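Guided by the hints, dock chain B onto chain A, whose structure is given.
As you go down the protein sequences, you meet chains A and B in turn.
Okay, so the first sequence: first residue is 3 according to our numbering, each after it adds one.
Okay, so the second sequence: first residue is 3 according to our numbering, each after it adds one.
Keep in mind the hints are simulated off the structure, nothing from the lab.
Some clues are possibly wrong.
[To be verified] No more than 25 Å apart at the CA atoms, straight line, and that leaves these computed lysine to any residue pairs for SDA-like:
#, chain 1, residue 1, chain 2, residue 2
1, B, K100, A, R153
2, B, K235, A, G107
3, B, K235, A, S218
4, A, K40, B, E201
5, A, K40, A, K81
6, B, K234, A, A131
7, B, K235, A, S137
8, B, K100, A, D205
The model shown is predicted, which means the values in this text are computed figures rather than measured ones.
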Amino acid sequence: MGMAATPQISNFWISSFPYFSSTLVSTFAGLPAETEHKLNFFDADGELINEASSVFPAGQSNFGQCNFLELDPFLESCKLEGGLKHGRLQIISPQGSRHMLRLHGRHNACLSSSTLRVSGSQSSFFPMALSRDRSFLVAAVNESDVEGVLRVRLFAGTRAPETTCLIPPRGARIISIPAEFPSHIPDGPGAQQAYLRLGTTSDAILGAQLIERNDSATDRETYSSLS
Amino acid sequence: MQTVSWLGFGICSSLTRTMVHFFPSAGGVSAPYQSSCQISVFSSAMEPKSALLDGVRLSQPDGIRLEEAFPALQPGGGGLFGVHIKIATNQPRVELQKSLCFIEVVNQFNSARFAPYLERAASAEPASPRGGAAIKDAFHTTTCVIVNGSDKNETVSLLASGIGNEPVRTAATREVPSGGVIEVDLDAAQLFTQAQPVEQSWGLVRSQSVFLNDNLSDQIGVFLVYRDCESKKPISVCAL
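Just chain A, with the same shape it has in the complex (with noise of 0.2 Å):
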């Protein structure tokens, strides 16, 4: 059996230099036929820099199955943007499989799950506890071929700032919630509970990732995401 009739699209936003490696987690639950999973790596700009396709064979071997497969290798020839090699893996694969995202940093690593998604009719949002010795980044990935627009609304306190960026179609962008919204963050020890509301004026199907890394260890930096 080939793909399945109806296969499921996920998105993930990846990353491989130079704060982490990228591992991608599949597990095929309740699928004991064939499966063939199609990847698709596009760069920030939305290009298609490589394409995969794995394929696990019939029988009680593939019944349970938990793959890992790391995509540095794929992202070779991904350009740097806003000083990171990133960009959008898309897969498709078939109903049942799960996917998940591990990011591998220096001193830890994480599970993070596919981009929630952002459209005219979806909006999503963000927890993040603002604060010296934490940074938020937002990862956005576009699933469409038009240009995106995603508006990025802070809640802080009693202010809603707002910004948006461009997501160039099939492309990536990442967004510092530091340097988007420098006021917001507390001089002083503590933190701030914070909520971002992402939404999009424009056609596009967009999706987006929350990464956040703690410095508040010694000698060490960890990253968390959304999962």
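Structure of chain B alone, referenced to chain A:
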């Protein structure tokens, strides 16, 4: 649908606290209609408690630190507990199914933010198989948290791939009392004994795809918790 609800869990200890974040949303409706959020906490060790949050508005994200709303969760009184979150609105013709909710388990050096299990309407189409990846390596070990939000005891089986003539084996079976929350150490349950180690760039990894028995009630939340090998603190959580 004028209500939407999720089932999750939290951890309360001297070093760890839990927050619930929610985003009442009706898709394209941007008017800040009044909504409500009811949060309930429960475990076998305490009486169920609920709090109704006022001032919740459609399209405006909000959240609450559970230890503030539920003093019973102060360090020493909690541990692992279940969380039920329900968002509702009185507005007719407002569908809330595009609302979002995250639970954040916070310690000093890390936050594990995860999407709780979305409770489905009885009339909804069957969910796709509930499965995920259990991992054991130099960074992570995996546990399984089972939350029983139903009003009866439930038996939950965690299935995994087997060998030989037995393609599926039962990795762990636990009876979870109504309103109970348990955590299963998958390494101690010998989940990884049949998993071949695979060399990755960060070292050897043992992994096992796990999934749930089909006849499971929709009021059972099951979560894979990836804990730091040294500190045992949760790093990431994945709802099955």
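Right, here's what the structure says about each hint:
no.	hint	in the structure
1	K100/B to R153/A	holds, 18 Å
2	K235/B to G107/A	holds, 17 Å
3	K235/B to S218/A	holds, 16 Å
4	K40/A to E201/B	holds, 23 Å
5	K40/A to K81/A	holds, 22 Å
6	K234/B to A131/A	holds, 23 Å
7	K235/B to S137/A	holds, 21 Å
8	K100/B to D205/A	holds, 18 Å
Against the hints set out earlier in the document, no violation occurs for any number.
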